[in-house]
Amino acid sequence: MILRIARKELLDLSRDGRFRMLSALVLVVSVVSLAAGWKTYTDLAAQHRTAQQATREQWLNQPKKNPHSAAHYGVYAFKPASQMAMVDTGIDPYVGVAVWLEAHKQNEMKYRPAQDRTAVQRFGSMNGAEVLQVLVPLFIVLMAFSAFAGEREQGTLRQLLSVGARPRDLALGKALGIAGGLGLILLPATALSVVALALSTSEGLLADDPWRVVALGAVYLTYFAVVTALALWVSAWASSSRLALVVLLTFWFANSVVASRVVSDLAAWLHPTPSAVEFQKGLEADLNNQEEMEERIERKRDELLKQYNVASVDALPIAFSGVSLQEGEEHGNEVFDKHFGALFDQYEQQNRVFQWSAIVAPMLATRGLSMGLSGTDFGQHRHFITAAETYRRDIQRTLNGDIAKNQKAGQVYMAGRELWDQVPAFTYEPPPAGWVLGQYSVALVVLGAWLVGAVALMMRAATTALVD
Amino acid sequence: MLGRIIRHEWRTLGADATLWVVGLAFVAAIGYGVWNGARWVGFQQAALAASAAEEAERYARLETEVQELQRTGGKVSPFRDPRSPSNAGSRFAPRYATLPPGPLAPLAVGQSDLLPYYFKVSTESRDAIVGATEIENPQRLLVGRFDLAFVLIFFYPILILALCYNMLSAEQEQGTLALTLSQPLSLATLASGKVLLRAGVLVGTVVVCTLAALFIGGVDLAGPGALPRLGLWVAAVVAYGAFWFGLAMLVASFGLRSAANATVLASAWLVLVVVLPSVFNLAATTLFPVPSRMELVQAVRVASDDANAAGSKLLAGYYEDHPELATGDAAQAMTDFNVIRIAVNDDVERRVRPVVQRYEQQIAAQQRLVDGLRFVSPAVLMQSALYDIAGTGHARHQTFLQQVDAYHAAWRQFFTPLIFQKASFTNYAGTPRFEFDEETAGTVAGRVAPAVFGLAIPAIALVWFALARLARFPIVS
Amino acid sequence: MLEAHALTKRYNGVTALNALTLTVAPGDVFCLLGANGAGKTTTINLFLNFISPTSGSALVNGLDVTKEPLETKRHLAYIPETVMLYKNLTGLENLEYFAALAGKPDLTREQLIGYFREVGLAVEAADRRVGTYSKGMRQKVGIAIALAKGAKALLLDEPTSGLDPKASNEFSDLLRRLSGGGVAVLMATHDLFRAKESGTRVGIMKHGTLVAQHTTDEFGHADLERVYLEHMRD
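Chains as they are written, first to last, in the numbering used here: chain A, 1 to 468; chain B, 469 to 945; chain C, 946 to 1179.
Take the hints with a grain of salt, since some may be wrong.
Claimed, not checked - Subject to a maximum C-alpha distance of 30 Å in a straight line, what follows is the list of computed DSSO-like cross-link-like pairs (lysine-lysine):
1. Lys408/A - Lys543/B
2. Lys65/A - Lys300/A
3. Lys1032/C - Lys1097/C
4. Lys543/B - Lys281/A
5. Lys105/A - Lys300/A
6. Lys588/B - Lys338/A
7. Lys1151/C - Lys1097/C
8. Lys338/A - Lys281/A
9. Lys64/A - Lys781/B
10. Lys306/A - Lys405/A
11. Lys408/A - Lys300/A
12. Lys65/A - Lys405/A
13. Lys65/A - Lys781/B
14. Lys588/B - Lys110/A
15. Lys105/A - Lys588/B
16. Lys281/A - Lys588/B
17. Lys1141/C - Lys1080/C
18. Lys1049/C - Lys1032/C
19. Lys1049/C - Lys1012/C
20. Lys1080/C - Lys1032/C
21. Lys300/A - Lys543/B
22. Lys543/B - Lys105/A
23. Lys1141/C - Lys1097/C
24. Lys65/A - Lys890/B
25. Lys890/B - Lys588/B
26. Lys1141/C - Lys1111/C
27. Lys110/A - Lys281/A
28. Lys1080/C - Lys1097/C
Stated by the list, open to error - Just so you have them, the derived chain B footprint on chain C, three or more residues with Cβ under 8 Å:
29. 990-1003
30. 1024-1035
31. 1039-1052
Calculated from the structure, these hints are not laboratory results. Ideal Cβ placement from N, Cα and C applies to all residues, glycine included.
Work out the full structure, taking the sequences as your base and the hints as a guide.
Below, the structure is given as structure tokens:
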């Protein structure tokens, strides 16, 4: 029964000129955006490979110099493009691509790609995610708004129920029919994206965590199910198809265009962040706290003197200059952890507001999960920053340890390739899908609740729908 | 006659409670948008005040330190000596070059949350200076702000279309159109009256509410350059409105049923406001991709490595270009780190310039493409007009960058001779200062005019075509 | 006052009205009879210039309606099957608006109420919203508009269909009063009884052609019905 209804719905849709035109439009836009995403990704990946290699070679090819000079010379860490950024570029355009890892200092990531673009980017960039989050729900609304209300106006609903069709079957059948219509567009698009993902890398079909792909697919299917169920609910409940359309379009606009901006303000209001000047001022005040620094070095000196049981630093079997450099680093690390940590925590608090706000606008949960699973959200940006900073600290520890070990009093110590080789190349391993989903537990629960709620509403409205 | 129709329309529309609710929501959105814009301007101003305070505090400290050292003749490590012109120019004395919010900045946040509005200018390379940006949660940058520009670009057309989609078809459907037109009255007059009332009310609401919000928000409307910009803003609001009213009129003139009109107009809105602008962005970034700045990072790195290796050889070349600096003991200068550094920085910048230019050319190519394409989408035209009027778009920021470049050059010119002379630097009060030279209203008008005409001309064409088409309107089916 | 000369209207080759020639003089009440689709409404729409003729011409007060569309409407009043008014406005507000559009913008409330009385509407109905009016009341507002306008010709399209006999009778009285005052009336109707009662002449239309014209004095009611049915037969 349900399948028969679904078949009728699909047949009905496929004979509608507007449906055919609309689906052609959505299909074309998805293919174009996918192609553009693929090109952007492959370009970026190539540029990343070149840059990463170059910075490594520069490090290794340093002439003989004091390790601390090498520490000041430093290396660059470049943020790799996530493969699934082809589908959802997320916040990537709005964060820097490179960070300089040097002595004494945790630098910020520089060069946001968005600064190299025109102001139209503020309308969106029509990437795969935008098609899925904005256009497809609209498409669903246009397919579903007249499902019940239209049949009521035509008088066919009366006919249907009089032959004994169960309202529950009717609702499910219609939902299935819409899913079929959607599948006609999404299946080819998905097949193309899988091919694109496969072609974009030499490392096999899916170099990225395959669970991410699976989870992303599940998130979008859930979201589409929510929209479909809501649309059918409104259609069953509205007195005319026109009213159903107005209500659904208003919902679409509020959900996909307005909500995120309002929530963004709310988040910033609840969890304010400082301006760069203020942030820098606070950071430098702590960083340049000479007293604390000297105290720290003194403590370390006393500790070492006691450990080696000697009277002065000159008598130590290690060079104290290396130790004090490292102590300076440790002091800096604490300050950086405190300030950057507080700032990034604040961002994450803000982003949690977005997740909770999905209670009123399910698109917010979908967008968060989509960015997260595509590896282009703030959480994973921070994950990268942390990895790069850990790498910087490892470099400093290696170099300062080398100074402590090899520097002789009254000599100019020069290190060479052997030391540069001791510093491994920077590799970044993105977190697994499970880690990402953990970050979005709120969004997952809220989206799940929307699904249950919307389906329940749809079923109830279908059974109580008035015949005319 | 027109006045009579307008009064009548006012009475019938006024009786519709839904319209009042929608209208109030719209007014609230305008107020919220302006408030939000004003808050962002306040944030920027606070940041600029903080930077000015930081600078003043730093200068006061340096000046006391200098006086102290002069008086006592005390010793200090050369890395910490405030009297070294090299230290002062690169690390101690840098001043902020700031871009204050324009006279009507609260009208549109625009790109100002993304593009840096203050730089700490020193003798360091341009690249080191211009890289800094304001702190912001990237997710907030991604979703954009709820500012007045957003309300005007997205909501305002929706309201126009909601008011107009059934202006003739509803009367036709309820049967009053025939009775009305059995009077000595042309359909064109009737349609014009209906549109004029709606346009008057809506444009009036936008203008009055915005002015009120600006006034309450404490924006100085009589300040320099504010009034002409306000005039431009009203022109943009009228022209954008006229486009959508014209479109609604044209669609109405085909005499379709209300539901069909609504479908056509909603699709037009979706395509012109949501789909096309994103597609333009996609086209710009795909046709003229700006390579990742990773390449620039590497170019700078390679250039500095080469320049540092060449070191004193570069300085010899530098002396050839700047013989006026070769005073004093040139031979000793050849070994001076700070002097060599100037030559090295100079060389690095020269080598990197072509790379930077490649980026700038690509961005300029994107901008040209969008500037051309925008005439296809009124939303993009309106955006460019609003951003330019508020001074939060690309163009004013470009002007700022040029002025910063000039200031950067002046800063270096001030310090370079002192560094070469190894002079003892005490003249902190005399370091060059930056003052943003605000664009004249004429410049802004020249930039906004194409957008306003680009909206007004199609609007006139739409209205003209609609009026011509009304002659064939099917009054009876 | 109303003249049609070889007035013809074709839609995609289908003739809706075929070379209609008729004259309605002041004081005449000309009733057009005929089956649905015979061309009665087309004739009225042509006089209103709501549709344009394929050939021939329609004149109002000697002026061609296609050439002087606004001037001719000054003399016309139109009452459709149901007079549709603005539901959210009161009867008086509707009357005032239409009178103003018709070129009488300065009527006082007393004058407007006077027209209300004249067509037999209760004064207390004047300030009620039209949404509460019965069909008969709306038709009377239509006549009031015609009165306020001072129309010289009245075009009526099935004005009494669906009215109860009393309302219908009152409406006929009003028509007689108007024609007595020198107004030319052209009325499309199915109601043979009303046509005989209030008409001075009848015309029978069939497939867009005016097949017969008679004065109502020529025969009694039964005769009219017989003549009509004879024409309809084939």
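For each hint, the structure was consulted:
1. Pair hint Lys408/A plus Lys543/B holds up; C-alpha atoms about 28 Å apart against a cutoff of 30 Å.
2. About 27 Å separates the Cα atoms of Lys65/A and Lys300/A, which keeps this hinted pair within 30 Å; it holds.
3. Of the supplied pair hints, the one linking Lys1032/C and Lys1097/C holds, its CA atoms being roughly 28 Å apart against a limit of 30 Å.
4. Proximity of Lys543/B to Lys281/A is assessed by CA-CA distance (about 28 Å); at most 30 Å being required, the pair is judged to hold.
5. For the hint linking Lys105/A to Lys300/A, the alpha-carbon distance of about 21 Å falls within 30 Å, and the restraint holds.
6. Of the supplied pair hints, the one linking Lys588/B and Lys338/A holds, its CA atoms being roughly 24 Å apart against a limit of 30 Å.
7. Taken as a hint, the Lys1151/C and Lys1097/C pair is honoured in the structure, with Cα atoms around 28 Å apart against an allowance of 30 Å.
8. Distance check on the hinted pair: Lys338/A and Lys281/A sit about 14 Å apart at the alpha-carbon level, within 30 Å; holds.
9. At roughly 21 Å between alpha-carbon atoms, Lys64/A and Lys781/B fall within 30 Å of each other, so this suggested pair holds.
10. For the given pair, Lys306/A sits about 18 Å from Lys405/A by alpha-carbon distance, which is consistent with the 30 Å threshold.
11. About 19 Å separates the Cα atoms of Lys408/A and Lys300/A, which keeps this hinted pair within 30 Å; it holds.
12. Among the hinted pairs, Lys65/A with Lys405/A is consistent with the structure: their alpha-carbon atoms are about 16 Å apart, no more than 30 Å.
13. Taking the CA atoms of Lys65/A and Lys781/B, the gap is near 20 Å; set against the 30 Å cutoff, the hint holds.
14. For the hint pairing Lys588/B with Lys110/A, the CA-to-CA distance comes to about 16 Å; that is within 30 Å, so the pair holds.
15. In summary, the hint linking Lys105/A to Lys588/B is supported, as the alpha carbons are separated by about 18 Å, within the 30 Å threshold.
16. For the hint pairing Lys281/A with Lys588/B, the CA-to-CA distance comes to about 13 Å; that is within 30 Å, so the pair holds.
17. Between Lys1141/C and Lys1080/C the alpha-carbon distance is near 23 Å, which keeps this suggested pair within the 30 Å criterion.
18. Taking the CA atoms of Lys1049/C and Lys1032/C, the gap is near 22 Å; set against the 30 Å cutoff, the hint holds.
19. Note on Lys1049/C and Lys1012/C: the hinted pairing holds, with a Cα-Cα distance of about 23 Å set against a maximum of 30 Å.
20. Proposed proximity of Lys1080/C and Lys1032/C is supported: the alpha carbons are some 13 Å apart, at most 30 Å.
21. A threshold of 30 Å between alpha carbons decides the hint, and for Lys300/A with Lys543/B the separation of about 28 Å falls inside it, so the pair holds.
22. Proposed proximity of Lys543/B and Lys105/A is supported: the alpha carbons are some 28 Å apart, at most 30 Å.
23. With a C-alpha separation of about 22 Å, the suggested pairing of Lys1141/C with Lys1097/C holds against the 30 Å cut-off.
24. Proposed proximity of Lys65/A and Lys890/B is supported: the alpha carbons are some 28 Å apart, at most 30 Å.
25. Under the criterion of a C-alpha separation no larger than 30 Å, the hint pairing Lys890/B with Lys588/B is consistent with the structure, at around 24 Å.
26. Pair hint Lys1141/C plus Lys1111/C holds up; C-alpha atoms about 17 Å apart against a cutoff of 30 Å.
27. Restraint check for Lys110/A and Lys281/A: the C-alpha separation of about 19 Å stays at or below 30 Å, so the hint holds.
28. Our distance criterion of 30 Å between C-alpha atoms is met by Lys1080/C and Lys1097/C, whose separation comes to about 24 Å.
29. For a cut-off of 8 Å, the count of residues in the region 990-1003 of chain C with a CB near a CB of chain B stands at 4, and the three-residue condition holds.
30. For the region 1024-1035 of chain C, the stated coverage by chain B holds: 9 residues have a C-beta nearer than 8 Å to a C-beta of that chain, and at least 3 were required.
31. Against chain B, the region 1039-1052 of chain C contributes 7 residues with a C-beta closer than 8 Å to a partner C-beta. That satisfies the three-residue criterion, and the hint holds.
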